[in-house]
Structures are given as C-alpha cells and as structure tokens.
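S.K.: From first to last, the protein sequence lines are chains A and B. For the first sequence, the positions run 1 to 776 when our numbering is used. For the second sequence, the positions run 1 to 776 when our numbering is used.
Do not take every clue at face value.
In silico BS3-like cross-links for lysine-lysine, where the CA-CA straight-line distance does not exceed 25 Å [what the hints assert, rightly or not]:
| # | chain 1 | residue 1 | chain 2 | residue 2 |
| --- | --- | --- | --- | --- |
| 1 | A | K205 | A | K606 |
| 2 | B | K304 | B | K205 |
| 3 | A | K741 | B | K445 |
| 4 | A | K107 | B | K107 |
| 5 | B | K304 | A | K753 |
| 6 | A | K61 | A | K50 |
It is worth saying that the hints were derived from the structure and are not from the lab.
Protein chains: 2
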Amino acid sequence: GNKAGDTVELVGSCQDLFVIVSSVEDKDQSHSEKRKVFEENLREEDLQLKEEIRNNLRCVKIDITLEVCKIYADFLQLRMPMKQTNLNLLGDLGAQKQPPLSAVYNKDKEYLFDVTENSFSNAIKCRIIDFILRRTRFEPKDGSDLSFGIDSLLDDGTYVAAYPVHEEEVLDQWIEQWKLCSCSGLRSLYDHETLDALRNYFGEKIALYFAWLGFYTMMLIPAAVVGILCLIYPLATLSKHKPSQDICNADNVTMCPLCDTCDVWPLNETCVHSKISYVIDNPATLFFALFMAFWGALFQEMWKRYSASLIHHWGLTGVSLEEQPPRPQYLAMLSDDVPQHKDPVSGRLEPRPDWWSIKLPRILASISTIILLFLVAVTAVISVIIYRMSVRAALALSIDESWKVSILTSMSAAFLNLIILFILNKIYDFLAEKMTEIELHRTQKEFEDSLALKLYILKFVNYYTSIFYIAFFKGAFIGAPDDYNRLFGYRVEECPPGGCLLELTMQLAIIMVGKQILNNFQEIVLPWMYRRWRQWRSINDESGQQGPRWLKDYFRVHFGTKGLFDEYLEMILQYGFVTIFVSSFPMAPLFALINNVIEFHLDSEKLLTLFRRPVAVQDTGIGIWFNIITSIGSLSVLSNAFIIAFTSTFIPELVYTAIGGTGNLDGFVNSTLSVFNVTDYSAGQQSHIQQNIELCRYPGYRFPPNGDDNEYKLRPIFWHILMARLAFVIVFQNVVWLVIKIITLAIPDVPEKLQLEIRQERYMANSLILKHEQDR
Amino acid sequence: GNKAGDTVELVGSCQDLFVIVSSVEDKDQSHSEKRKVFEENLREEDLQLKEEIRNNLRCVKIDITLEVCKIYADFLQLRMPMKQTNLNLLGDLGAQKQPPLSAVYNKDKEYLFDVTENSFSNAIKCRIIDFILRRTRFEPKDGSDLSFGIDSLLDDGTYVAAYPVHEEEVLDQWIEQWKLCSCSGLRSLYDHETLDALRNYFGEKIALYFAWLGFYTMMLIPAAVVGILCLIYPLATLSKHKPSQDICNADNVTMCPLCDTCDVWPLNETCVHSKISYVIDNPATLFFALFMAFWGALFQEMWKRYSASLIHHWGLTGVSLEEQPPRPQYLAMLSDDVPQHKDPVSGRLEPRPDWWSIKLPRILASISTIILLFLVAVTAVISVIIYRMSVRAALALSIDESWKVSILTSMSAAFLNLIILFILNKIYDFLAEKMTEIELHRTQKEFEDSLALKLYILKFVNYYTSIFYIAFFKGAFIGAPDDYNRLFGYRVEECPPGGCLLELTMQLAIIMVGKQILNNFQEIVLPWMYRRWRQWRSINDESGQQGPRWLKDYFRVHFGTKGLFDEYLEMILQYGFVTIFVSSFPMAPLFALINNVIEFHLDSEKLLTLFRRPVAVQDTGIGIWFNIITSIGSLSVLSNAFIIAFTSTFIPELVYTAIGGTGNLDGFVNSTLSVFNVTDYSAGQQSHIQQNIELCRYPGYRFPPNGDDNEYKLRPIFWHILMARLAFVIVFQNVVWLVIKIITLAIPDVPEKLQLEIRQERYMANSLILKHEQDR
C-alpha cells in the first residue's frame, strides 16, 4: 500500500468529514495503547488523520483519498457514472439517453467509468470511513480475533464519540427551506431533487423514511377528500332519514332499563344520538369501505413502483446490501464458555450460541412474555368494561337523570382507559426491547425486524382491543330481558337502538387523536427541554455555540442505531387506524393528513437541530414495515366487512327494505324493538321502575309476551338478518380480495418505463464491453 | 477479430455440434446470396463452419472456439468456476468450502477464473451458437436494419432447418435408464445429478420441467397416503354410521316423486348410495380438506426453496435472462405502414404498433372472444342439465324402474358432456393461439405467458363448470313440493337424501381419470403413428436410420418454440383437481400420482426419441405457472370451505348433534325429511302416482301440512343450519389463510443454508478482488 508520507490526491476541500473524539485525561493506560494501534492501522489503510485538541477533548479528523474511495466503490458495489465519450461507440444509442449512464463500478474496467471526486458525496465518503473504522483492528496481530471495530472502542471508553461532521451551509439551507412554509416543505418530499439531497446528506435509509412519509401523505389527500364527501352525503340527506325521525318523534315509546338498578327511559332521549349515528352509518359508509380497501391495495402497489423508481434513480437496483457485522450487545451477552465458531461468511472467529440449548429457551421466554403482555392488555380492557358496568349500576342509584349517568360513566372510563394505555405502552416499550435483546439477534437488521414486529403486535393489541370490543362484542350478547347475560353479576353492556357505531367512532377519535396529540407534544417538548438544558449548560461551560462545527456537533445527541424506528412505528399504527376501522371513522384520513404535516416538521427539525449527523446507511426499501402494511391490508378488508355487517345498521335496513313489506324504511325502528312485560322482571328490578307502565321496549328481534311457547324467543327475521350478515362478510371479503388481486396483477411492481431503462442500461453496458473486446 | 485462416484452438472433439441445413436445389437465386453473406458473417464471428452434402441436403456444421465461448460467457453473464489456487490467499476460508467456487464470468478478471473447454457444456455451446445465429446479418451493410437472424432465413426457406445435433451415447444411456424400471427413473428426477445431466444436455427450461414434475410427484405421495387413510376411516366405521343404517332400515318411508312424471319411491332404495356417500362424506373429510390446504401452501413454499437451491446449484442466482428478440410472427404481422421505432434496448429499427389505435382494439377483441367462449362453456353445461331434466321426465313415462331411469339419464348425459368437452377443448386450443397471435406480443415469453393464462382459464371453465354446478347449485334451489322451482318448465334437479357429494365425486372421477386416459392415449398413439410413418417413408427414401447423426435428426420432429407448454398445462389442470375439489375426491392425489408416473415416461420418451435436440433455453423458474398455482391455492381454500359447508352433511349433522336433543345422530335422517300431503299436488302429478298413499317425504326443513300459516314454510332449524354453514365458511377460510400466512412467513423462500452459501460466495469473491487490489 501507499506509505503514509507519500503525496496523495485529497478528495474535496480540506473540510472536517468524520471525527473520532477521545477524552484528553485518560484513566486507563490500555486506552492510549489501543488508540495508537488503531490510528496506526487507519493510516495503513491510506486514511488521512489530523489531530486537534479543544475543551479537554482530543479529536482526530479523518479524510479519505480518491484512490481509497475507488477501491471501496468496487468492494461495496456502488454504481458510478460511465464515460460520456465511450457512448459514442454505440452511435445513436448513446445520444438518445439523456441522464449519464451508470453501472456497478469495477476497478478493472476503469476505462469505462468517469470517476472524479464529485462522484463521491460526503455521505458516501463517511460511509466508507465508517466501514473502515468498523473493520480496523486495535490490537497487535497476535491479539484476539474479535479486537476490531470502533464500536468496541466506544463501548470501553477508548473513544467517547465517532461521528460525521455536519455541513453548516447545507444544514442552514434545509432549516430555512422546511421551516418557512409548511406546504412546500412536505411537497418537496415528492420531488426527486430534495430526496436526492437528503440521500446525499443522510444516506438512503433516512431519505427513504422521508420519501415514504411524503408518499403516504400525498396518498392520504384523495382518501381525506372522499372521507369528507362521505360525511357531506349524510348531512345533506339527514332530514330525509326515516329511522332517526321515528326515534325523535317516538313520544310514547318507553324503553326497558339499561341496568339492574336503572329506571325505564323514553326512546326519544336518543334523538340526537340517532341523528349523529346516521352521519357515520349510512349507505355512503359501504362505498367508503370499498374505496379504502382498494386505496390500501393501490397504496401498496404504488409504493412498490415509487420506491423501485427511487432505488433505481439512486443506482441501487439489484445491489445487495453489504454484510452486517454482529451487534456489540450480542457479542457482549455471549459469555466466554459459548463455543467459538468461524463465521462462515467472513471467516472470523465468533461465538455462536447453540440453537437448542441457548436460543430456543430464550425465544420461548420471549414468546411467553409477549403472550403474557397480550393477556394483560385484554385483561385491562375487560376491567375497564367491568368498571363501566359497575359504575353505571352504582351511579343509577344516586343520580336520577340517565344522561348524567351515561356521561359520568363514559368519561371516567375513557380517562381510565387512556391512563392504562399510556402505562402499558411504556411497559411494552421497555419489555419488548429487553425481550428482543434476550433473543440474541446477531445483526442490527435482525434485531430491528424482530423488535418492530413485537412492538407492533403489542401496541396493536393495546390500542385496538377496546375498539374491537365495541365493534364486535358490545351489545351482541345481551340476552333477553327475561334472562340477561351477566358478567360478574353485572348485566353486559347494551348498544342504543342506533347500534354501537357512534360509540366506536368516538372511541377511535379519542384514541387516534389523543395518541397523536400526546406524541406530537412529546416531540415538541423534548427538543425544547434539551435546548434549555444546553443553554443552561453553555453558561457553565465555555463550549456552547462557539468553536468548530465538530465541537458543536459533539454536544448534540447521538443519533443511535435505532434511527427512525419510533417514527415508523407511529406512522404504521396510524396507517392501521386509517384502514382497519375506516368504515366507522371516515375522518381518519383527514386527521392522519393533518398529523403527518405536523409530524414531518417535527421529524425534520429533530434531525436538523437536535442530532449529530448520522452515518449514511444504505437501504433498498422500508423492510419489515412493508410486510406489516400488507398484513394490515388483509386484516382491514375483513374488519371492515364485519363492521358493516354487524356493527352498522346497513344489513338490518337492507333486509327490512327487502322483506319488510313496505319497500322502504317506514317502521324500521319499530321492527327492531321487541316488547317486554314489566311484570316479568324480578322484584328487585321492578322496585327501581318509577313509572307506572306495563310494557317496555328493548332492541332485539324476539316474540312479544303472548303467553305461548314462543314468548321472548327469537323471531325468524333475526335469523334472516344474521344470515344476510354472514353472507355479506363472505361476499365482501372475497370480491374485494379478487379485485385487489387483479389490481395487484394489473399494476406491475416496477413501472414499464423503468423496466425498459434498466434493460437498456444493462444492454448498453454489455454492448460496450463486447465492443471493447472485439476492438482489442 | 481473428482472420478465418488463423490456427484456432478447437473446443472438444471435432464432433457435430450444431447444423444449419439447406436444400441443394435452390429455386430462388436470392437464397444462395443470402446464405453466402450469412455464412461469411458467421466466419467473421470466429465460428468454425464445415460443409457436407447428403441426400440432396447441404448441411453446414458449426463449431465454436474457446475464445468465442469466453467472450459470450462474459456477455451472457454465465457463472464460471474460479481458480482453486486463488482461494489459498484467504487461508482457511477457501478450505472449508468443498465445491469449486464460481462467480459471474468477467473477461477482465480472467486471473480469477479457471475456464477450460470442459467448463462449457455442449448445451451452452449450442446456446452461444444459436445466439450468434440470431444476431448475424444476412445482407450487406447497406441492407435493411431487420435483415438479421436465422429465424428470418428459416421463414423464407433459405435454410430448411437449424438445430443442435443429438449425442448418440447420451441419448442411448437415458433411454436405457428411464425405460427399464419406472420407479428409479422418476426418483432420479429428485437428485441433482440427473437434473444436472438434463440441464447440460437440454438446458434449464426443460430440466426445470422435469424437476417440477419430480418434485410434484414426490409431494403427491404423502397426500395420496393421507387420502387413502381418509378412505379407510369411514370404511372401518361404516357399520356404526347411524344415518345410513336408518336409510337402509326405512321400510315404510315413501319419498315424493323426483320429476313431474315420476312416481313416489321408497327411501331404502338409496341404501347403497347412502353407504357409499358416507365413505366420501364423513368427519375425516374435514381433516383431509385442512390437510390439503396446508399441503398446497407447503407445496408452494417448498417448491420455491427447491427451485432456489436448484437455480443456485446451476449458478443462475441473480442472473438476469438475456434480452429476447421479437417473434418473427410479430414482425410479419406488422405491415409496412406501421411506423418504425428504434428499439430502446438494442437500438435497432423495429416496427412498433401504437397502443391506442392498434394494440387496444386487438386486446379488446381477444378479451371479448374469451368472454364469448366462457359463455359457450357455461351454456354447454346448462344444456346438458336441461337435457338431463327432460330425459328423466321423458324416460319416466315409458320405464317403470326408477334406477333404470337414473342410470340411463346419467350415462347418456355424462357421454354428451364428454363429447362437448372434447370438441370445446379443440376449439379453445385453436382460438386461444389465434387470439394471442392477434394481441401482438413482442417476445416469445410474453406470448407464452398470455397464451398460458388464456388456455388455463378456458380449460378451467370447460372442465370445472359442470363440477361447480353439482357442488354448489344442484339441489340447492329446488323449492318445496307445493311450488317447485322450474327451468324451461322442467323441475330443477334434486339431490338424494345423502346430498350430492357422491355425484360430485363420480363426476370428478370421470373427468379427471377420463382426461388423463385420453391424454396419455394421445401421447402413446401419436409417437407410434409417427414411427410407422417414418418406417414407411424410409422404404421409399434411402435416408432412414443410416447416415450421420445430423441426418437422422433431420427426419425427427422440430421441437418448436412452444416447448413443454402443453405438458405444463395438463399438469396444472391436474393440480387443480388435486386441490380445488379434494374434499369431495380424496383419491385425487393417488390418481394424480399414478398418472404422473406414466406421464413422466411418455414425456421423456417423446423428448428422447421423437424430437430434434432443442436449443438450450436458460430459465430461472417455471414462470407464470407458479402464479397460476398460487391462485389455485387461494381458490381451493374457498371451494373446499363451501363444499364442506354446503355440499357435505357435516354442518347439518353438527347442528343436529348440538341442538337436536339426543346429542348424537339418532333420528338425523328423519329430521332432514319434511312431510308433504300428496293431495296438494297438481292433478297431472297425482296421475303418475301409482301407490295409494297420503303423505310423502322430501329433503328439506319445512313445516308439515298442518293447515296453519306455517304450512310448508321453512322451519327455524333451516336458518340455524344455513347460519352455521356461512359461519363455517368464514371461519374456515380465515383460519386456514392465517395458518397459510404463518407457514409462508415461517418457511424462508431460500433455505438458510443456501442464503449463507450465497453470502459466503459473494463475500469471498469480493475479498479476493480486494486482496488482489492491495497486492498490486
């Protein structure tokens, strides 16, 4: 290799590119020895090192030559631009292609390429430096096989930090661009120019997150518009809606008590409720559910196309990601008695845990914990339900007005629910990471995928259990007044005559909007607190805002390995709200849209003002998150089918219109209410009934008290409706899946134009090589 | 390039490798000119040409040098073995890998490779020659841009044939190996050695067919075994089956007439029928349906793994298939007024049809034809149904014994059905190819994929419509005796008390086994006829069995471009029988297994004794057939759910056991039969009833003739059963899909060992390059 003293071609201006920082006062003698060997080895690799001491910190600045860049460009299979002159060999062929042709760089075919210092962005240079830092040994040749890599040196305190240095002017430009006008910032995510800049500065992984966020937000716009239209339709037709009119005009319909200690109540008390219910539960709901199912399928397909074109634009098509080293935590957790094996890929000695005796018990422990946490979430929801049932019964004894009882019960229960949710979320965050750590994943990617799946399932259960309860179980198994179904002695909850859909909507709105507000609040408050702390600190310490860029960055937060994990998780959970329950919450896309605009600004501000510059990570897609989106897609078709079939009044109204005799909804409300003889109640229940009435009504399709065998038994119409509901689920699910399948097949994963471009580039590169061979 | 006169390194023995044959007597002067230019250009490409004249045929034998092979190995991205010595650079790393390391060949990195003449099989050499033949121009430089390629020369008769020559000893060895013992031949398909030999001789595409056939046949073995077990279970428990006993002992149960001119009949006439029904329709059926659903998912996953390991073994992982030239038929169909465009990939001038004005009308015409043919198939089935209904009514007038009527009706209808099926199939074969031709597909691959999809859908409809009718529609909408549903005046067909499952099984057996026998018969008779014709011909002509190998091959059948298309189609249709209706035909896997053993021998014999040697076609998978298999998988879950829910007696028995009171099947048959008062029949119907009875029974859940409102109305149990059936479909479908999804996720597409191997090879190749760079 070149000797350190040779004159070397330096890449770019002599700027600070990457620094490794250590403390000047060393407690441990071995540290300075390790540093010496490490830095000597770095020079061996032809890196340029420069020392600077400030604020008791010893900083080694690292720069890289074009020659080293080229070697690693070959090794890391980077695409590089090809020479323009060469293209003339092919005649017209070269001329018709506008952007410069690029190919995977090959040092032996250098005559084909046009590699200058501009071909390597600072992000790539930092990536190459980071790659070298991770592979360089810090002990003499006879030392341990595992004594290599900057990560180990950071862990044992030999160095205190290693990071690429921010570029002040780029940073300022972005802060300017994205702060002023919120709209142009987000829209800019959709053009290749901004994404290219992001990629050149932060690397593909972070650029892909912003690309995804921009894409998702754009896709939300049509969904939000259709969602609003599906709210306007019922508002316009509200005055013509017969069932809600019937409820409001029902002056003399007395409903049976809602709990064991409750009184009877007049039906028209639910007048407003029934009107609001219609706004959510109307024929447009079915349309919107269908629309969103196809929207979801389109989302997946369009994202595949969009990311394929982005990845090709970045020259990463067909590039396999380089080998990932084992996580330091993984190596640390494996004690010395674990037998060392040669890693079959790199050939280095590395502890390899036995699958049966070490990994399996840990995986089982992890799975059991997840199941336990799952049960905890379900138990929490059940206890809230029991709380609600018991409070309703207790309050009814002391408060006469039933609406006050309802509000007090609902509000306190919702508050309780939110607290439990928050506490469980914190526990989940903590335990999921611990459990994933225990599972001994070798690489960061495996670790992140496992953690993502785990956290998603847990948060899914946490957020959605209460929603599933309201959507599918509440009011479904109440029994008849002569024999109520009971849970711990309390009557199970009932739905009002309009169905539970309104309550479902309210629950969804509280959880989704509440979660977003809480989340954004955290993201606003935490940076603010950090800035205050930094200001306070800068008074005591002279570092502050002065000093070179690397010193300013040193006082920033380390970006860490988890990267944008939490941001993805929040977004995907939000995507669940937008699709899984969309038929009961048409405003969800709108709320998501608003949130994403805020989210984008918070995320970008965090990245630009709070964190050190991350090392560019190469990535060719959003990984396991896309698999989760696909699963959500399948689930959402089923859940929306069930919501429309069982939670909404769509099917009962349809059956009534078809076989009810009148051909319209006249008398529909009456048909859904059965009659009960108050004297058939137990003495305890009767004592709470103040009014002097004989018959009360309750929701259900049962025979009236006529004294024969059928009394309070289910009427045939109940079975007709149930059958229609089940048939609807089968038809909806299979028809939608068929259409989605056709959509998926009809839209190629890679745009045709792009396919042609890829084929063309391959063909031209091959032709060039062939031409060259023949000319030799 | 090398001049034709230079001494050149010849590859292999001086054997006949590839020949292009033309007639000695030329009618057209331009032909010999074209030949001259063409053969001169071939010599320019450094190919070795040798002339031989025999039987009025001028044969040009083509051989290829190692140097040319190497150039095209680079160009076609072939994997070549790497030098063993180089591996020592990496120390232990090289030693632990047993098979020789290979990498995509790169002529500039020749120092890494160990390429000798043995590295190129004859198949690859033929492929390279074929590739050159397809790109070589046959007119002087100033001629048309499209005057290139052997295909055009074959089309206009300049040459009469171009084919690789068979290798006599290899051919004989295979005929020997595969003819003697049927078992070892098929089993050998599952080991890599035989497949490698096949691949080296015939190329990947044909080897993949045999690999798929072997894999499929192996997978059928467990399915056939479980299928047989699922037949043994009911045979063992037949004596304990209450419903069939009840039917056999029902001496005094009179059933209502089955057609307008039929008489009443005793229930125990269906004694044998009910016993046989039980053999197919029993609790084991549900188990078998579940088993086969998971088997199907496993089939897909295992095939992905198996083909991935095969493709890697052949060094094709990550290799992109070379550009395909436009089909000659495509170029011929485009008249001269179609504007010429530059092909964006190769840069050659080529007619490109406008999408809106030329392609769209043709695609629409094609789709309309398919829909028309679809309707024809459905109409054909409906006419058979009407035929059956009318013949039954007509025969009942003249024949007294109802079993004779049944047999005559069924047999003549089945025969009619088979004839229609056969005729339609021929029409479909013809029209599908015509339609696909009209759609103007540019490449052979696009053409084949479109044809495959079209033919599969048409044959699917043709084979399966009558089966779908029996499974889901027959007996489902008969109405009640007081008001039968009618089609063209005839009563719609009924199912016997045991349900239609037995008839479904019989129909399946007839179509599946009949189709296979017919198909195999064709494949045996056609080669035999061809051989007889050849023998007869060889008496007149002196060519016959004498002469060089190329002359013998000349008299064989041209393999054509369609390749093994029909074989795939037959197999995939058979796969449909094995999965879509498996719950009503547990013997299907066994029949398929037997058929495949025969099929394998017929296919291999055809390939070895009937056809010229095909040019090796590179392929990395079975293409669109795999997509069709995936779709069949989804469909089969749904169809089996419906068969068990609606066609079998599983759900009614379950509901009866649960809420019938006795907790077992005592009285189940009685519960499925409703009572009808004969005097309620029309006078015409009554005149055909010879017995003097008052009440008759019919299958259905209706109220007896008790004179009140409910008379002949559906009883609640009907709704309970219907609800249970629909609920079963939802649960079955979603649970099975969930499990399949988990299976799919749990089994990686590429075996872990193979992934490691691929990563290892990549890493080692990279390390080698890096090491070399540093040593320079």
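S.K.: All hints, please: hold or fail.
M.R.: Comparing the hints with the structure gives:
1. Under the criterion of a C-alpha separation no larger than 25 Å, the hint pairing A:K205 with A:K606 is consistent with the structure, at around 16 Å.
2. Between B:K304 and B:K205 the alpha-carbon distance is near 16 Å, which keeps this suggested pair within the 25 Å criterion.
3. This hinted pair checks out: A:K741 and B:K445 have alpha carbons roughly 22 Å apart, not beyond 25 Å.
4. Straight-line distance between C-alpha atoms of A:K107 and B:K107 comes to about 13 Å, which keeps the hinted pair within the 25 Å bound.
5. Note on B:K304 and A:K753: the hinted pairing is violated, with a Cα-Cα distance of about 29 Å set against a maximum of 25 Å.
6. Between A:K61 and A:K50 the alpha-carbon distance is near 5 Å, which keeps this suggested pair within the 25 Å criterion.
In this structure, only the earlier hint numbered 5 is contradicted, and the remaining ones agree with it.
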